[in-house]
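**Student:** Chains as they are written, first to last, in this note's numbering: chain A, 1 to 479; chain B, 1 to 291; chain C, 1 to 303.
Please keep in mind that the hints were generated in silico from the structure rather than gathered at the bench.
We put the CB at the ideal spot given by N, CA and C, even for glycine.
Certain hints may be false.
[Unchecked claim] Subject to a maximum C-alpha distance of 20 Å in a straight line, what follows is the list of computed EDC-like cross-link-like pairs (lysine to aspartate or glutamate):
| # | chain 1 | residue 1 | chain 2 | residue 2 |
| --- | --- | --- | --- | --- |
| 1 | A | Lys120 | A | Glu104 |
| 2 | A | Lys120 | B | Glu246 |
| 3 | A | Lys393 | A | Glu422 |
| 4 | A | Lys106 | B | Glu246 |
| 5 | A | Lys120 | B | Asp201 |
| 6 | A | Lys120 | C | Asp239 |
| 7 | A | Lys120 | A | Glu362 |
| 8 | A | Lys120 | B | Glu186 |
| 9 | A | Lys120 | C | Glu195 |
| 10 | A | Lys393 | A | Asp375 |
| 11 | A | Lys120 | B | Asp235 |
| 12 | A | Lys106 | B | Glu236 |
[Unchecked claim] Output of the computed footprint for chain A on chain B, the stretches with three or more beta carbons under 8 Å from beta carbons of chain A:
| # | segment |
| --- | --- |
| 13 | 66-73 |
| 14 | 140-146 |
| 15 | 184-196 |
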Amino acid sequence: MNRRVLAWLFSTISSAFGSPANSVTMPCRNGIFILKYCLYFVMKNKSLSRRTYLKLAGTAGVAGLSGCINEMGGTATTQSEEGGTVHFLNDRGAREVWEAAAEEFKSQSNYEIEITWLPKGTSTNEQLAKMRAAGNLPALIFETSADCYSETAQGLTEPLTDVVEELGVKDTVNVDGESYMVPGVAIPLNMFYRTDVVEGDPRTWSEWQAEAERIQGETGQSAYVVPSGRTNAASTHTNQILWNGGVDPYSGTGDVIEVNIDQGENRELAIGAFEWLQTMNEYGPQASGWGWGDLMGALIQEQLVAWAGIGGLAIQQILANRPELAPEFTAAPYPVADDQDSTQWWSYFEGMYSYRDAENTEGAKEFLTFFLQSDYYFEFLRGTAPFNMPTSKTGLRDDRYASAEVFQTHPEFLDLAEDNWEDMAPVLNTGDNRAPNIIAANAYSEQVHGQAADKLLNGGLSPEETVDWLAENLRARKA
Amino acid sequence: MFERLVGGPGGLVPNAVQQRLSAVALYAIGALVLLFVLTPIYLMVVVALQSPQTLFSGGELTLIPPTLTLNNFVTLVEQTSTVSYFLNSVIITVSSVFLSTTLAVVSGYSLTRFDISAKTLVARAVLFSYMVSPIVLAIPLYVIFFRLGLLNQYVSAILAVTAISAPFSIWLMWQYFQNIPIAYEESAWARGASRWRAVRDVVLPLARPGYISVAIFSFAVAWNDYTMVKVVLSDESLYPLTVGSELIFQEVFIGWGEQMALLFIISLPPFLVAAFLQNYLMQGFNLGHGE
Amino acid sequence: MRVANRFGLRDMGFDRDRLLVIVFLLPLIGFFAILWLVPMVYTVWSSFFSDPLVNPVFVGFDNYIAIIVDDQFLYFLWNSVLFAVSTTVLSLVVGLGFALVVNRAVFGGASLRTLMIFPYLLPTVVVVFLWRFLLDQNLGLVNRLLLEFGLIDRPIEFFGTVALAMPSIVTASVWKWGSFAFFIVLANLQAIPDEYYERAMVQGASQWQQFRDITFPHLRGAILLILLVRGIWMFNKFDVIWLTTRGGPASVTTTLPIRVYDYAIRLGEFGMGTALASIMFVLLAVGGVVYFVGLNPESGVTK
Chain A
1 MNRRVLAWLF STISSAFGSP ANSVTMPCRN GIFILKYCLY FVMKNKSLSR
51 RTYLKLAGTA GVAGLSGCIN EMGGTATTQS EEGGTVHFLN DRGAREVWEA
101 AAEEFKSQSN YEIEITWLPK GTSTNEQLAK MRAAGNLPAL IFETSADCYS
151 ETAQGLTEPL TDVVEELGVK DTVNVDGESY MVPGVAIPLN MFYRTDVVEG
201 DPRTWSEWQA EAERIQGETG QSAYVVPSGR TNAASTHTNQ ILWNGGVDPY
251 SGTGDVIEVN IDQGENRELA IGAFEWLQTM NEYGPQASGW GWGDLMGALI
301 QEQLVAWAGI GGLAIQQILA NRPELAPEFT AAPYPVADDQ DSTQWWSYFE
351 GMYSYRDAEN TEGAKEFLTF FLQSDYYFEF LRGTAPFNMP TSKTGLRDDR
401 YASAEVFQTH PEFLDLAEDN WEDMAPVLNT GDNRAPNIIA ANAYSEQVHG
451 QAADKLLNGG LSPEETVDWL AENLRARKA
Chain B
1 MFERLVGGPG GLVPNAVQQR LSAVALYAIG ALVLLFVLTP IYLMVVVALQ
51 SPQTLFSGGE LTLIPPTLTL NNFVTLVEQT STVSYFLNSV IITVSSVFLS
101 TTLAVVSGYS LTRFDISAKT LVARAVLFSY MVSPIVLAIP LYVIFFRLGL
151 LNQYVSAILA VTAISAPFSI WLMWQYFQNI PIAYEESAWA RGASRWRAVR
201 DVVLPLARPG YISVAIFSFA VAWNDYTMVK VVLSDESLYP LTVGSELIFQ
251 EVFIGWGEQM ALLFIISLPP FLVAAFLQNY LMQGFNLGHG E
Chain C
1 MRVANRFGLR DMGFDRDRLL VIVFLLPLIG FFAILWLVPM VYTVWSSFFS
51 DPLVNPVFVG FDNYIAIIVD DQFLYFLWNS VLFAVSTTVL SLVVGLGFAL
101 VVNRAVFGGA SLRTLMIFPY LLPTVVVVFL WRFLLDQNLG LVNRLLLEFG
151 LIDRPIEFFG TVALAMPSIV TASVWKWGSF AFFIVLANLQ AIPDEYYERA
201 MVQGASQWQQ FRDITFPHLR GAILLILLVR GIWMFNKFDV IWLTTRGGPA
251 SVTTTLPIRV YDYAIRLGEF GMGTALASIM FVLLAVGGVV YFVGLNPESG
301 VTK
């Protein structure tokens, strides 16, 4: 008995490694076999009346058969040969809009889009790991440009050049002349503050420092917060401040990137930036480990009256939790060092890409072309404006987006984006001439900049030491 | 130990004092634990029932709201899939509890009453199965379900969740049945009852606190489950509350009030189960000593 | 004849009831055994490869060695043990204490029991959310009270402060899992017949003696069981820590399950993840064996 059972067990396991083939039916057949074998064994060792054996065998047979029927009646997710199903892993909101778009697409195409909805965060990675193990890769996935780049570097993604060209969207993942991602949303950073508390319209570092000092003295509130730690909030903030301090951290392209943050003039500017952060930290709450939610909470609770972060998200949360405060808020560019110009504007670019080994990638491309030109796409964006922005300049001014309610009271979000469109880039595109920069992307995914801020503010490092720490850790992130 | 101090007659601390001390200590503990348990619950309720106007007025959380509103719940029901997620949770949980409890009672009984070889080993192996981290189990499990074509069905979710609660449930019932002497059944048999009737009329009532505990445990596992469900289900219309609530929390129009209202909805069946079943835990005490 | 059918007398004879039961149980137990066994084998198998999901390359014990020699491995192991032990012990204390109270309570017993069982039935997501809200540095009640009573002058960020992060997680865990201990202990307490206590009182035994000689022996098995089961479960606990601190700040709350997740999902190193999971299994298994051999929680009840 043991050998048979072991053999069956091993065959099931090895089929889990191997190709799908006919392994769908194998466990089913073997299940019935095992049941009958056990009964046979029982019958041999105990005197069982023939009637009882037949009764039991019948039960076993029915049980096994019903298991098989169940498996055959399973959903089409297992058999992608049944032509035309495009699996799409999506972690965005406005589900009804996407589903409606998929419905309409079905009526005009041979392909059918099947969307798996996942929460944001690492759920997509988890789902991908499972699907990859099962040999069931999705044809379409909504993720960040950094993820797309690292998978492209491993040769896993499908080129989408023609789609990107046709749609005229920002080309954020370009490797060896081919485009691999169709960006769906742009999420820029901005300064977000209360006009009823903050006076003048501070734009430079010294202006903000003065305001922060004044406000803290008068009302005890904070006009600035320096997030630190292993969070996205901390990493984006630190990055942008360094840029706005005139630091040019990288040179090179692809994975041949030089880290220049501790060289020559850059070093002085970077030290200056960290010094400014140290000063501003005095005026704000201790924000080690604060994520977007915590920062939002501080704004809601009015402890914070100005925030360098994602203004689009903040205004949404204010509208949901403190609607009476919403009119007082306005958006502005990130603070810039007194003698510098801001030339790089951190914007998340997240979008859709496809896996080479998935089924029906042609259908995926068709859907992308259809969707980004449809009303559905703009409805999706409009629902979360100004957090999500279109990924082309024409899209920005498209009335289907600009008509969102929030732009009636807060047009500055749109104006900022339009005026600085060229400067908007994801952290990935910070090599020469916006070429991909894998070190920056890896550093971001490991929150190196956020950790640097933590070392500076809580870890006892001086600004000079922080710059050196940062440079060392960036260099360690080569691919 | 401590005989001289707290022994019976003749000990240094008289029994009357001991009784009073233990009463005081117990009530103090009771009060502390009560406060500990109640505070988060109170917060949840008080935030769920307020609108944005009153919730953070003045920049601070309002603890005693001037007005209550059901707006948050209305938003959830009308603008999100809360109802669908709730129904899915109920379907999966009720089925799993039923399955797990039945399995535990039958297995537990069999393990004590029938002579199955190596049963101690089997029972212990059951506990060892909990020693593997579920994070890595999720991936091969997905592959298995995928190959068997069992993805995206209620049955699979129910079985997957029961697989988690079953081992410990079986163990619990096995322990519990061991405490019920076979003498009770023997006397029933001596009076001519069949095994089945003896079980139904004598053993099961005695075992009630045991299988109620098992029911509570498997309810907790099923209602709470996130990992197994995520392995098996990728169709959003089948998501239970644990997975679906993440999607709802992401929506931009959901503020603190709505989030707490969602938590309230998720907490309601557990509360009802606790309120309803705790009584049976008490009843078992009486029945156990009727003979 | 029915009476003669009970076990012990008819080893080689057939027992119809028994077979019916076995046939009913077998498919289900078989299915569950597969659900547990196959992934476990797959997990161990994967741990010997470098990239088992995409491009498997056999590397023998390399993954294991890499994990063990990593200078932070012992630190993470310590965190795991600390978390598991403190949560389990404190849960037991809270559950046991309150069960003793409820067992005695003359009135309000029903609502007390309801209240105490309730947190255990809540999903971890809910528990985490409530406690994050309670301990929030901006909106939380705890900080507000501490500030109002002048005990601190700046809000404390509980989950973000190195010294307080683990205690905060343990508190939230005990809030939920104390009830598990509670209802297991209570069920066992209620099974102790009143007569024992009455007889003891008549014989002049004191409170302490009664607890020591009647209550505690009946609870011993339950307590040991709770310690073992909860200990194992807490050692493998992932969601509570992940949802509150993600293993931070500065890795003070990073336990081995968090590392497994990091390896398997975040870094895409499934081989390393499964190797670590296997190491954890071995540690727990050894602990389990020692536990059974040393403490023998089933003594007196094995039949």
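**Student:** All hints, please: hold or fail.
**Tutor:** Against the structure, the hints:
| no. | hint | in the structure |
| --- | --- | --- |
| 1 | Lys120/A / Glu104/A | 26 Å, violated |
| 2 | Lys120/A / Glu246/B | 8 Å, holds |
| 3 | Lys393/A / Glu422/A | 9 Å, holds |
| 4 | Lys106/A / Glu246/B | 28 Å, violated |
| 5 | Lys120/A / Asp201/B | 53 Å, violated |
| 6 | Lys120/A / Asp239/C | 16 Å, holds |
| 7 | Lys120/A / Glu362/A | 26 Å, violated |
| 8 | Lys120/A / Glu186/B | 60 Å, violated |
| 9 | Lys120/A / Glu195/C | 59 Å, violated |
| 10 | Lys393/A / Asp375/A | 17 Å, holds |
| 11 | Lys120/A / Asp235/B | 16 Å, holds |
| 12 | Lys106/A / Glu236/B | 19 Å, holds |
| 13 | 66-73 | violated (count 0) |
| 14 | 140-146 | holds (count 5) |
| 15 | 184-196 | violated (count 0) |
Comparing the model with each earlier hint shows violations of hints 1, 4, 5, 7, 8, 9, 13, 15; every other hint is respected.
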